[in-house]
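Visitor: Mind docking chain B on chain A? Use the hints.
For reference, the chains in residue letters:
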Amino acid sequence: GESVGLHLPTLSVQEGDNSIINCAYSNSASDYFIWYKQESGKGPQFIIDIRSNMDKRQGQRVTVLLNKTVKHLSLQIAATQPGDSAVYFCAESYSGGYQKVTFGIGTKLQVIP
Amino acid sequence: DTGVSQDPRHKITKRGQNVTFRCDPISEHNRLYWYRQTLGQGPEFLTYFQNEAQLEKSRLLSDRFSAERPKGSFSTLEIQRTEQGDSAMYLCASSLGGQGMAFFGQGTRLTVV
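Protein chains in written order, with my numbering: chain A, 1 to 113; chain B, 1 to 113.
No wet-lab data here; the hints were simulated from the structure.
Just to be clear, a hint being listed does not mean it is correct.
As the list claims (entries may be wrong) - In silico EDC-like links for lysine to aspartate or glutamate, alpha-carbon gap of 20 Å or less:
#1 B:K14 - B:E83
#2 A:K100 - A:D49
#3 A:K100 - B:E83
#4 A:K100 - B:E68
#5 A:K100 - B:E56
#6 A:K42 - B:E52
#7 A:K100 - B:E52
#8 A:K71 - A:D31
#9 A:K42 - B:E44
So here's chain A without its partners, still in its complex pose (with noise of 0.2 Å):
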């Protein structure tokens, strides 16, 4: 099937590393942030999510940190694994909650075994 990866950033990473996937968001008023993984011929699938009140948020495998003042995201992915190919968009929405959001440019992970 179509690739939602084409022309996007790619990261090659070996399986058992550690990813680092950046972001730059564009809107300095946004105080919720959102990783999604996405995955040929499939919609977006919810990772993790932090508010513009924490700088870092841990779930299993992932971690999200956020920097406001250079208005940069991450997210690391520990250990990585094949199942974690997949494109990575992070997104931004403003009003505190989940209403009009705004999707960066997405990276594309292929994990080496």
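Guide: What follows is chain B alone, placed relative to chain A:
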């Protein structure tokens, strides 16, 4: 399956024809969103509903596009007089209020020939 359901999954239509897509959100979710995604890009917000009320529409939603959610449950997105530039994946998402993450459906892939 209790996730967001979209129908059809694929639609091929001739330029100038009208098409209608359906989205069934997660049953207790009061917010419903439509996005459009073209190859290699992140999803772009089109519109969202809280219950049956359409609260926001993007400038991307030209007058050929109309969305409804008549009973606050399922939603339809209609495109009239389709153009080749309408070819894209149309994604629906739903959430409970504005505080939770939204869950996306698998999308409807539209090809205008």
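Visitor: Hint by hint, note whether the structure agrees.
Guide: Hints, verified against the model:
no.: 1; hint: B:K14 - B:E83; verdict: holds, 8 Å
no.: 2; hint: A:K100 - A:D49; verdict: holds, 15 Å
no.: 3; hint: A:K100 - B:E83; verdict: violated, 26 Å
no.: 4; hint: A:K100 - B:E68; verdict: holds, 17 Å
no.: 5; hint: A:K100 - B:E56; verdict: holds, 8 Å
no.: 6; hint: A:K42 - B:E52; verdict: violated, 26 Å
no.: 7; hint: A:K100 - B:E52; verdict: holds, 17 Å
no.: 8; hint: A:K71 - A:D31; verdict: holds, 11 Å
no.: 9; hint: A:K42 - B:E44; verdict: holds, 16 Å
The structure shown violates the earlier hints numbered 3 and 6.
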